[in-house]
Every structure is written in structure tokens, then in C-alpha cells.
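Undergrad: Okay, here's what each chain looks like letter by letter:
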Amino acid sequence: MAPKDHSGQTHNAGDPSVIERIDVDPVNAPARRPLYEKRRKIFPRKASGQFRKVKWIILAATLGIYYVLPWIRWDRGPNSPDQAVLVDFPTQRFYFFFIEIWPQEIYFVTGLLILAALILFLITSIAGRVWCGYTCPQTVWTDLFIWVERLIEGDRNARIRLNDAPWTAAKIRKRVMKHAAWLAIAVCTGGAWVFYFADAPTLAPQLLQFDAPMVSYVFIGVLTFTTYMLAGHAREQVCTYMCPWPRIQGAMLDQHSLLVTYRAWRGEPRGAHKKGESWDGRGDCIDCNSCVAVCPMGIDIRDGEQLECINCALCIDACDDIMDKVGRPRGLIAYDTVAGLETQTAGAASRPKLFRPRTILYAVLISLVGIIMLVALLSRSDTELTVLRDRNPLFVQLSNGDVRNGYTVKILNKQREPRVYELSLQGLAGADLTIIGLNNRTVKVDSDRLRSIRVHVTAPGAGAPVSDFHLVATEKHTGAVFRHATTFRRAR
Amino acid sequence: MTTVDLPPKSAEEIPPKTPAARLPDTGHEWDGIRELDNPLPRWWLWTWYACILWAIGYWIVMPAWPLVSGYTTGVLDYSQRAVVEQKIARNIEAQSVYLKQISAKSLAEIRADPELLSFSMAGGRSAFAVNCSQCHGSGAQGAVGYPNLNDDAWLWGGKLDQIAYTIRHGIRNGSDDARVSEMPAFGRDELLEPAQIRDVVEYVVSLSGRQARAAAVERGAAIFAEQCAACHGETGKGNQEFGAPNLTDSIWLYGGDRATLQETIHNSRRGVMPGWQDRLTPETIKQLTVFVHSLGGGQ
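Protein sequences, first through last, are from chains H and Y. Just so we're aligned: the first sequence equals residues 1 to 492 in the working numbering. Just so we're aligned: the second sequence equals residues 493 to 791 in the working numbering.
Think of the hints as simulated: they come from the structure by calculation, not from any bench. Computed from a prediction, not measured in an experiment: that's the story for all the values here. Honestly, I wouldn't trust all of these hints.
What follows is a list of derived Cβ distance ranges for each label pair [stated by the list, open to error]:
1) K53(H) / L515(Y): 34 to 42 Å
2) S452(H) / N583(Y): 36 to 44 Å
3) C543(Y) / K274(H): 53 to 61 Å
Built from N, CA and C at the ideal position, the CB exists for glycine as well.
Please construct the entire structure, taking both the sequences and the accompanying hints into account.
TA: Below is the structure:
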């Protein structure tokens with residue numbers, strides 16, 4: 001790269017008639033490339049506009065949720081954690097506001113992940129890399145880190161100057177401040193993470209007094225390192241080289257997906273434009289490179305769709321700003337579709353096509369999974385009765401001629417208080433039931449516990465080899481009845 | 493979506509600007525898809541070198557390379573086997589809390605303590621699978637000549653202490669404390685005539701409520717009272733002191749049909765069980781006792 005003179009590159013904000021060309025190259029310019037290439041530093045310029053505003057709001061919302069969520073309290077009564085969102089490994093529970101997930105109900109989490117994936121598919125097929133551009137943690141934290149960087153070192157040109165400057169005290173001071181701020185954010189990121197796995201108000205003082213479990217510090221350390229490296233140093237390299245999702249989502253895009261697009265039919269042929277010059281016979285693009293300067297990926301959107309583009313729409317804001325200044329309509333760079341671009345190039349107006357086989361398929365799948373999840377969640381009982389029949393021996397001949405079968409009965413009490421259940425039989429003539437180790441038929445199950453008991457059912461020896469019946473547990477307090485179908489076996 | 497009201501340019505005016513079209517490729521092309529020749533990021537190369545260094549470090553500190561006999565153990569001397577042994581030792585340590593209580597408490601106390609009961613059930617089940625299931629079956633369901641331990645019929649008694657004694661000392665195994673009884677071989681030793689044995693068989697069949705020839709039953713009853721009642725009782729209900737089975741119930745150790753009964757009376761039956769007190773710890777025997785007692789027939 002030839003050394004550049006960076007002075008006087010910004011367009012003069014005070015005089016809208018003078019917009020100068022910014023000297024900036026896209027990082028993937030078709031120059032001769034070595035086998036291995038050093039990362040070329042990108043100094044994104046500050047953009048402002050509607051998309052930047054949306055991105056700030058999403059940044060504040062997502063980071064706010066991430067940092068604040070573990071501190072929200074949720075009263076579940078005595079002997080239960082009062083943290084709204086808690087992954088409790090020691091007792092093997094996942095608490096999410098009013099829901100408490102047991103290990104055997106992990107399919108709820110699976111379902112949620114499937115649902116999230118399908119929604120991501122739908123959004124991607126409609127509006128492209130919205131996830132990448134707005135909500136991906138990599139994007140959000142990088143945005144935050146760039147904001148900090150800009151606060152300390154200044155905007156693009158100041159940062160370039162600082163980068164090229166010799167190591168003076170001022171430069172060292174700025175750099176130390178920047179990295180300290182980044183590290184502080186990174187530590188907070190790791191710090192917030194561990195609060196999801198323990199009671200936050202208990203853990204926080206422990207962490208500060210170096211009294212917390214070692215695993216907390218390990219995770220804070222790992223997340224501090226990854227946050228600092230990925231958001232501070234690796235940035236666009238993560239999206240371009242590390243992340244598999246951009247490659248996968250190629251399968252969801254088609255010519256009707258909205259993408260951040262340079263409308264070449266409007267912009268070309270591009271060239272510098274002086275105020276008062278005619279726009280006839282030329283494109284609207286004044287080749288000011290604003291779109292390249294603001295790009296956090298360091299690419300030129302005018303080169304067409306590129307794998308580096310995360311569709312963050314900052315180039316739209318930058319270009320709209322310029323179009324306003326030169327008095328041309330906005331939308332030279334805009335969300336548009338490949339199909340729409342073709343239609344427009346042919347001279348017709350275009351509308352994005354929302355209903356396509358793939359979007360309909362995704363929507364149907366989302367509804368299907370959503371309904372299944374909802375039904376499963378609503379039909380979730382706070383008592384679960386399971387009956388496992390003995391297979392060895394299948395049945396036992398008793399001395400008085402009766403036959404006995406053995407069962408392992410498991411009663412799961414998800415309630416906050418202990419429950420008493422009375423066991424009985426339904427549909428087995430002349431049968432009697434005994435619980436091993438208990439003198440009666442009532443079983444007390446402690447709150448939030450599974451109790452496994454052995455049950456013997458005895459019936460007259462004469463009868464069908466296989467008889468179906470129900471084992472019934474009646475909750476004493478509420479009278480709720482739980483039934484489980486099983487069989488009774490005799491000799492053939 | 494904004495559409496713009498501007499005179500569009502013709503398609504020819506728009507140059508192909510995609511970078512891919514201008515980038516060098518490897519010359520590989522499949523169905524119009526070209527393999528571009530982009531440089532790898534340099535940090536990737538460094539990461540690869542770092543992985544190689546990590547691997548070399550790993551060889552030094554961890555077990556890595558197989559040798560002719562054995563392997564390089566590494567300077568940390570880490571061994572998965574040692575970790576497992578530590579875990580086993582920790583678990584035994586954790587179990588000792590229960591084992592101490594089991595050692596100190598009586599069988600009835602263990603039976604009454606839910607925690608010790610469930611620990612003994614688990615420990616007894618595993619000891620049973622290792623030591624007892626060969627004869628009594630994996631479900632303790634027994635076999636011909638080997639009693640079913642799930643049912644409510646007991647040759648030597650189904651109380652906790654009786655079961656514990658049987659497990660400790662065994663049956664007819666020659667040791668001094670073993671449970672012993674001898675049923676005479678009435679036919680082989682010519683104590684009874686074959687016709688008399690047939691009559692006794694008819695009587696025994698009638699004892700459990702089955703159809704039998706009345707005349708033979710009457711003759712058999714007289715012989716039974718003389719020869720068998722001493723052990724099996726006047727009414728045939730057996731006697732656990734001698735391990736004499738109850739002949740009036742539905743459970744038959746060797747079979748209740750006439751041919752088997754005849755063979756039993758002719759040759760006698762002498763089931764043998766080893767004593768376990770020298771092979772198993774007292775705690776294990778207690779757990780086994782509680783386990784067997786809980787199978788369904790415990791008295």
C-alpha cells in the first residue's frame with residue numbers, strides 16, 4: 001500500500017457543495033495477493049442516520065438484557081431460588097421466570113432452539129443477514145468497542161493519524177485508556193455470564209472478595225479474553241473467516257431476499273461532481289467513498305454482494321446523507337432484492353415478494369413447532385407418575401395360589417410443598433396393593449423431589465395371562481388423580 | 493422499500509463490478525462456480541503454528557506416544573486410571589458413612605430407616621448379582637431345586653434373622669453351623685415299598701387340594717403320619733426348623749406332579765447352599781439380607 005496523505009479527506013460539513021473524494025481502498029481490492037495476508041486495519045467512520053439509530057437501540061436493548069437479566073428477582077416461595085433466570089447445575093434445574101425446567105424436560109430448551117433457528121431462517125430469507133448486521137453478539141460488542149475507541153481516539157481520520165504516529169506519550173496514554181476500557185467491558189461481559197449460573201447478589205460480593213468458586217473466575221477469564229480479542233482485535237475477521245453461519249445462510253437467500261444493495265443502474269457511471277454541474281449522462285454516485293469509510297467490514301458495497309458484507313446498513317446511512325447534500329433522492333444504497341434490481345434496471349418499479357415457497361415453509365414450520373411447544377408447556381403437570389413393571393421375574397407364584405407382580409412406581413412432585421398421594425388400582429378384579437417399606441398406601445413426596453417406591457400387586461391365580469389395568473395416584477390435598485396404564489401377568 | 497423515480501440506465505452501461513469476477517482463481521471451476529485464490533489471513537497461519545507448539549507441549553506434559561511396552565507418561569504423570577481409582581476411593585469413603593451405621597445397627601433398625609433401607613437395597617442388589625444370581629437367577633426367581641426368593645414360601649424361615657443365618661452359614665455344606673436336615677431316601681434305601689410310595693404320593697397330591705384316588709389317599713395318610721409327619725408336620729404344613737417344605741401350598745421346589753413327587757420320595761432331596769460369612773463382609777451380608785427380605789416374601 002502506498003503511503004497516503006490523510007489530511008483534508010473529510011467532506012466539509014459546513015459547506016455542502018464541496019464533497020471531496022476520500023482516499024480509501026476496499027480490503028478485498030483485486031490487487032496481487034500473497035499466500036498469507038496481514039490483516040489490514042479498518043477505521044470505520046462514524047455514521048448517522050435511521051439505521052445507525054436502530055442499531056444503537058438494539059445495542060442498548062441486547063446489552064441491557066444481558067447485563068441486567070440475572071439481577072431480576074422472581075419470588076418462587078421458600079426453599080427455591082428467587083432469581084428470575086438461573087441455570088442451577090447443582091440441583092439440576094433451569095429457572096426462567098414462571099417456568100422451572102427439570103433435566104428430563106430439556107426438550108423444551110431443544111424446542112426453543114429449533115424455534116429460534118427456524119425464525120432465523122425465516123428472517124434471513126426475507127431480510128437477509130439481519131442477525132449479522134444488528135443482533136449478533138460479535139456485531140454488538142464490536143460496535144460497542146468501536147464506540148469506545150472513537151470516544152478515546154477520535155473518528156476515522158484521527159484514528160488513522162494516531163495509528164501512523166510515532167509512539168509519543170499522548171499516543172501511549174490514549175492506547176492504554178482504550179485497552180483498559182475494552183478490558184473493563186470484557187471483564188463485565190464475563191462477569192455477567194457467571195451470574196446466570198449462581199445467585200447474583202450472593203456471587204457478586206464473593207467475586208470481589210476473591211471468595212467465589214474457581215470455576216467462576218475461569219469463565220470470567222475465558223470470556224474476558226474472547227470478548228477483548230474478538231471485539232477489540234479480530235472484529236471483521238470473525239465474520240469473514242471464523243463464523244460458519246454466513247456460509248450456511250447462503251442456503252436461505254434467494255433473489256427475493258432483501259439485501260443492502262448499491263443500485264448500480266442509478267449510480268453508474270460514477271464520478272466526482274461539482275455543485276451546479278448537470279446530472280445528465282452520468283450516475284448519482286459521486287464516488288465520495290463515504291460508504292467504504294463507514295463500513296465496519298472495510299468493503300465497498302458498490303462491488304456488489306460480497307461474503308464479507310454483514311448487511312449492517314451503515315453505508316445506507318452514509319450514502320443517504322451524501323444524496324441529501326448533493327440534492328439527489330435517497331436510496332442509491334438501500335435494502336433491495338436481486339430480482340428488484342433487475343426489474344428496476346429494466347425501468348419498472350419493483351416490490352419485494354414476501355410470500356415464496358421457502359418463507360411459507362419456514363412460517364408453517366415455526367407455527368407447527370410453536371404449537372407443539374405450547375401444548376407441551378400447557379399440558380405440563382406438576383405431578384408425574386411413572387410405572388415400570390418388573391420383567392424378572394414376570395410374576396411370582398404365591399403359596400396360597402395367588403399371583404404377585406412387582407412394579408417400580410416413580411412419583412415426581414414439582415410443587416413447592418410436600419404432597420401426599422394415595423395409591424390404588426383400577427380395573428383389576430380381586431387385586432390388592434402393597435407398598436414395600438410402608439404400612440399403608442399413602443406416599444409422601446417431598447417438594448421438588450422424585451420418589452421411587454416398590455409396589456406389589458397381588459391377584460387371584462386364575463385369570464387371563466395378561467390383564468390391563470391402571471395404577472392410580474390420588475393427591476390427598478387437591479384430589480387430583482394421576483393414572484398410569486400397565487399390565488398384570490400370570491402363568492399361561 | 494423505496495423505489496426511485498429516475499430514468500434508468502441501460503444494462504450495458506453497468507459494468508460487472510463484483511470483485512469475484514476480477515479476482516484471481518485457482519483455475520478450478522465446477523458448473524460456473526470458481527474457486528478463488530484468496531490469501532489466508534496471516535493470524536490463521538500463526539494459530540496453526542501455535543497449535544503445533546501446543547501439541548509438542550502436550551507430548552511433554554501428558555501421556556502421548558506408544559512405546560514398545562508402555563507409553564510416554566509425560567511430566568505431569570496424568571493417568572485416567574489413577575483418576576478413576578481416586579473416584580472409586582472417594583465413593584467408598586462416601587459409602588462408609590452408611591456402612592458404619594449398617595455395621596452398628598440391627599437388621600430391623602436398618603429395615604426401618606428409609607435411607608439405610610434404600611442404600612442396602614442398592615448394595616444388596618449388586619452383591620446378589622455377583623454372588624447369588626448364578627443359582628437363584630438374576631431376578632431371584634429361582635429354578636428347579638433353587639428356591640424363588642420373591643415368593644412367600646420359606647424352607648428355613650423368612651424372618652430377617654433367619655435369612656441372615658442362612659446366608660452366613662449356608663445349607664448342608666459340611667460346615668458346623670450350616671443348616672442341616674436329612675430326608676430319608678425312602679425308595680432307594682428300601683424303607684418303603686414302591687406301592688407304599690405311590691400311596692404317599694396320592695396323599696401328598698391331596699394335601700394341596702388336588703384330585704386324588706380316595707383309597708390310596710387313606711393308605712398314604714397312615715404311612716405319612718408314621719414316616720413323614722415328624723418333619724413335615726401332621727397336617728403337612730412343614731417345619732422350618734428342619735427345612736421341611738409346606739406340602740399343602742402351591743409352591744413346589746422340585747415339582748408337584750406325581751412323577752416328580754415319586755422321585756423325591758424315592759431318592760430324597762438335599763439342596764446345598766454355600767455359607768458366605770468367610771467371603772462377604774458382615775455389612776454386605778446385612779445388605780443382602782435386607783434385599784432378599786424386601787423382594788416380597790419377607791416375614
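Undergrad: Under the constraints set out in the numbered hints, which ones does this structure not fulfil?
TA: When the structure is compared with the hints, only number 2 turns out to be violated.
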